[in-house]
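**Q** Chain by chain, the residues run as shown.
Protein chains: 2
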Amino acid sequence: MTAQTVTMAHGSGGRAMQQMIERMFLQAFDNPWLNEREDGARLSLADFTRQGDRLAFSTDSYVIDPIFFPGGNIGKLAVCGTANDLAVCGAIPTYLSCGFILEEGLPLDDLQSIVSAMAQTAQQAGIAIVTGDTKVVQRGAADKIFINTAGIGAIPTAVKWAASTVQPGDKILVSGTLGDHGATILNLREQLGMDLDVQSDCAVLAPLIAPLRLLPGVHALRDATRGGVNAVLHEFAGASGLGISIEENALPVKPAVRGICELLGLEALNFANEGKLVLAVSARAEQQVLSVLRNHPLGADAVTIGEMTANPQVCLRGALGVSRQLMLPHAEPLPRIC
Amino acid sequence: MTAQTVTMAHGSGGRAMQQMIERMFLQAFDNPWLNEREDGARLSLADFTRQGDRLAFSTDSYVIDPIFFPGGNIGKLAVCGTANDLAVCGAIPTYLSCGFILEEGLPLDDLQSIVSAMAQTAQQAGIAIVTGDTKVVQRGAADKIFINTAGIGAIPTAVKWAASTVQPGDKILVSGTLGDHGATILNLREQLGMDLDVQSDCAVLAPLIAPLRLLPGVHALRDATRGGVNAVLHEFAGASGLGISIEENALPVKPAVRGICELLGLEALNFANEGKLVLAVSARAEQQVLSVLRNHPLGADAVTIGEMTANPQVCLRGALGVSRQLMLPHAEPLPRIC
Chain P
1 MTAQTVTMAH GSGGRAMQQM IERMFLQAFD NPWLNEREDG ARLSLADFTR QGDRLAFSTD
61 SYVIDPIFFP GGNIGKLAVC GTANDLAVCG AIPTYLSCGF ILEEGLPLDD LQSIVSAMAQ
121 TAQQAGIAIV TGDTKVVQRG AADKIFINTA GIGAIPTAVK WAASTVQPGD KILVSGTLGD
181 HGATILNLRE QLGMDLDVQS DCAVLAPLIA PLRLLPGVHA LRDATRGGVN AVLHEFAGAS
241 GLGISIEENA LPVKPAVRGI CELLGLEALN FANEGKLVLA VSARAEQQVL SVLRNHPLGA
301 DAVTIGEMTA NPQVCLRGAL GVSRQLMLPH AEPLPRIC
Chain Y
1 MTAQTVTMAH GSGGRAMQQM IERMFLQAFD NPWLNEREDG ARLSLADFTR QGDRLAFSTD
61 SYVIDPIFFP GGNIGKLAVC GTANDLAVCG AIPTYLSCGF ILEEGLPLDD LQSIVSAMAQ
121 TAQQAGIAIV TGDTKVVQRG AADKIFINTA GIGAIPTAVK WAASTVQPGD KILVSGTLGD
181 HGATILNLRE QLGMDLDVQS DCAVLAPLIA PLRLLPGVHA LRDATRGGVN AVLHEFAGAS
241 GLGISIEENA LPVKPAVRGI CELLGLEALN FANEGKLVLA VSARAEQQVL SVLRNHPLGA
301 DAVTIGEMTA NPQVCLRGAL GVSRQLMLPH AEPLPRIC
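So the protein lines, in turn, are chains P and Y. The UniProt record's numbering puts the first residue of the first sequence at 1, with every later residue one more than the last. The UniProt record's numbering puts the first residue of the second sequence at 1, with every later residue one more than the last.
There's no promise every hint is true.
For identical chains, the list gives no copy identity; a pair is met inside one copy or between any two copies.
Derived EDC-like pairs: lysine to aspartate or glutamate, alpha-carbon spacing no greater than 16 angstroms straight-line [as the list claims (entries may be wrong)]: (1) K160 <-> E36; (2) K160 <-> E248; (3) K160 <-> D53.
Because the hints were derived from the structure by calculation, they are not lab data.
The shape of chain P in the complex, shown without the other chains (with noise of 0.2 angstroms):
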């Protein structure tokens, strides 16, 4: 590649496109289904099968603001936005597609480097890249890169995680401190110029789920992203027409985070994660399921935070025990988070 930086023929269907996909993409993505170069990668379905009974199927579109940042970049964040999609649905995530939106001008270097993150965290999680696209749009007709990647993986027959079965008196968990990536992305992006101790929690949560997979009592898993573990919230009270009660001073918030969050009158429940779980178990499971958690470097501040009541509302408690009703904001309140 002798050129610096993406051109509108590396998006055409000539010599420039057929080269950038030979010398980056199969390079970095180096494997079997992607190298026969077809229109679609052609997967062994009994590979699946011996796995489990459903198949999940997940897509997001990434379009973080900046391309780069501390703990990933957007094809870091691509891979494990997808990838823990597909696990939080019981699923084992096994390959994925991933379709480039470059603008004319992007340094061939920062694709590289995208690239590059790419392959290392799908190869670390064992996760291949099978098929792909890529479109070159004019410049000023995108922000330097958006990514999409779909992700498929068998879900083992035994599991049956889904908001709709949450109870009443289930314990609500979270893998561990809240609002990290938001408040990185919130920090680079206002130019608040804080020294923070603190970087995007972005990582792929598969190996972290899949014990949980074995055990019995737990009910609903969500990654906690954009609209943070607020979202998620509402979503499993949506979903089981139930309500929730979190314990404010249980919420496990990083100084630096809390910092922003004061600063900005901001709260750290609405701040996007990248590396989070919720979890909704039975009040017997509680116990074991947080130290399965705990077991792991990516839960080790695995925390419960409050449970799920018959009364139809998300409440959190404050210190003195005065409860108020928790609201999901209309907007949140940073975009292009992810």
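Start from chain P and add chain Y according to the hints.
**A** Here is chain Y on its own, set in the frame of chain P:
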């Protein structure tokens, strides 16, 4: 929805986004998987294994400009394009994911038209849009709307189509006239102002392809989109190590498209199509395949345009019998054609 345009709030994890999902997407795409509103769709693996032994998985992002054009819009294109990529793998296109990237300020009426076209096209083709994602970026950070679709479907066990299996002497067939989509977009975009009697051929090709799965002698299929038929010919040549000889006189091109080509000095072979197949079939199978294709309205103009050769070049033989090498252009004539 009281607002008349897409706002940043529609892309947040908050209430505005929930409302758009419920009132627009869930209503249009209505199906049990999407209605579960989990982070991914959960699909029965048994449904796939009843149909075949492999799963095809493909993706494309759509960035076409303009987003509405004679014969379709970006939404219809996003369903047809990915369905066709699955179908030429030999698969039965069954499920799609859908990722929207919306520019702040996009009229909601435009989005509704696009979503309705997607829903209608998918429904007619027996395809369900089962999982999705919506992002909104600020005005100027994207151009109106980009759509990514990924798709999956089972490949029946008997189907072994692959570009690597084409043989010397195989006939090269196309399912109809070349370049209708490219010429339509070129006429709109460059404001040639020609009163063209031509519209995009944008269509789901699965019903045309389905009976081919039962025929012996079909070696490889492609839909000739970006890069046109020329790009497919080079893929067949590259994957097989063979060459191709094309008869210029045999190329089916509508008079209006031929006119645009002559006006601008372009080749219809390089123009994008969104509803045309290129096939490599054994000489013995040629007549039967042509007859099966012509039996469907989408293949009424199917014709043989050339054959695979041992000489590893792609050549175009003109009216006087003189052959010239057909190169893959460095870039195609028109960006954002799909």
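**Q** A separate judgement is required for each hint: does it hold in the structure or not?
**A** The hints, checked one at a time:
1. Taking the closest pair of Cα atoms, K160 and E36 come within 16 angstroms of each other only across two copies (13 angstroms); inside a single copy the shortest separation is 35 angstroms, beyond that limit.
2. In the homo-oligomer, the alpha carbons of K160 and E248 never lie at most 16 angstroms apart, since the shortest distance is 30 angstroms inside one protomer and 59 angstroms across protomers.
3. Taking identical chains as interchangeable, the C-alpha atoms of K160 and D53 lie at most 16 angstroms apart only when both belong to the same chain, with a minimum of 11 angstroms there against 26 angstroms between chains.
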